[in-house]
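> Sequence:
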Amino acid sequence: NTVEKNAWVGINLEEGSEFNNVLGNNATENGDDGIGTWSSVSGGCPAFSINNNNISDNTVSKNKHEGIHIYCANRNEVRNNEVIDNDLSGIAVMPWRACSCITEDNIIEENNVTHNGYGPIPGSYYDGILLIKTRRNNVTNNFVNDNKDVGIRLAEATQNKVEGNNVTKNGLSGVILET
Numbered sequence: 007n008t009v010e011k012n013a014w015v016g017i018n019l020e021e022g023s024e025f026n027n028v029l030g031n032n033a034t035e036n037g038d039d040g041i042g043t044w045s046s047v048s049g050g051c052p053a054f055s056i057n058n059n060n061i062s063d064n065t066v067s068k069n070k071h072e073g074i075h076i077y078c079a080n081r082n083e084v085r086n087n088e089v090i091d092n093d094l095s096g097i098a099v100m101p102w103r104a105c106s107c108i109t110e111d112n113i114i115e116e117n118n119v120t121h122n123g124y125g126p127i128p129g130s131y132y133d134g135i136l137l138i139k140t141r142r143n144n145v146t147n148n149f150v151n152d153n154k155d156v157g158i159r160l161a162e163a164t165q166n167k168v169e170g171n172n173v174t175k176n177g178l179s180g181v182i183l184e185t
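Just so you know, we're using this note's numbering here: the sequence shown kicks off at 7 and counts up by one.
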């Protein structure tokens, strides 16, 4: 599928989405995230789980927010995607605003995350891969290059594994862990 120039998220897995495969798509120039796990209830906090989905082999580029955004979703695989030139972070795993959920047990592996975060939205994150309020996620064997701020950022994160990544030429730190 080619999913482009939509006003909101290009491809969205909403609450209750489980065991889906999002494979081989081109999500580009959408008004929000290229591919996301969003909920339309309770202020964006999912009322039902968004778990066990596979987001692989996609090209995600030139979207107005994150390339791939995993909100309050667990046990998902984000693998072998080209995530390039998105206005905010390339791949973000985090809760949505006031949600108290911890996002856990996701795999982010073998993605090319390049030249993200150069958009005009102030006060946001501009990282290659961003994990906030996460637990037990694996970030392995990714190529993270030339992102505006940090290559891989983990904030309020515990028991995550960051291993075997090639992180080069990012605007600030390569890998940062913060509270």
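For the record, the hints were derived by calculation from the structure and aren't laboratory data.
Don't take every hint at face value.
[Stated by the list, open to error] Cut-off 20 Å, straight-line C-alpha distance, at most; resulting in silico cross-link-like pairs (PhoX-like, lysine-lysine): (1) Lys70 - Lys167; (2) Lys70 - Lys11; (3) Lys154 - Lys175.
> Each of the hints needs a verdict: does it hold here or not?
These are the hints, each one checked on the structure:
1. Lys70 - Lys167: With a Cα-Cα distance of about 29 Å, the restraint between Lys70 and Lys167 is violated, given a limit of 20 Å.
2. Lys70 - Lys11: holds, 10 Å
3. Lys154 - Lys175: Holds. Lys154 to Lys175 sits at ~9 Å (cutoff 20 Å).
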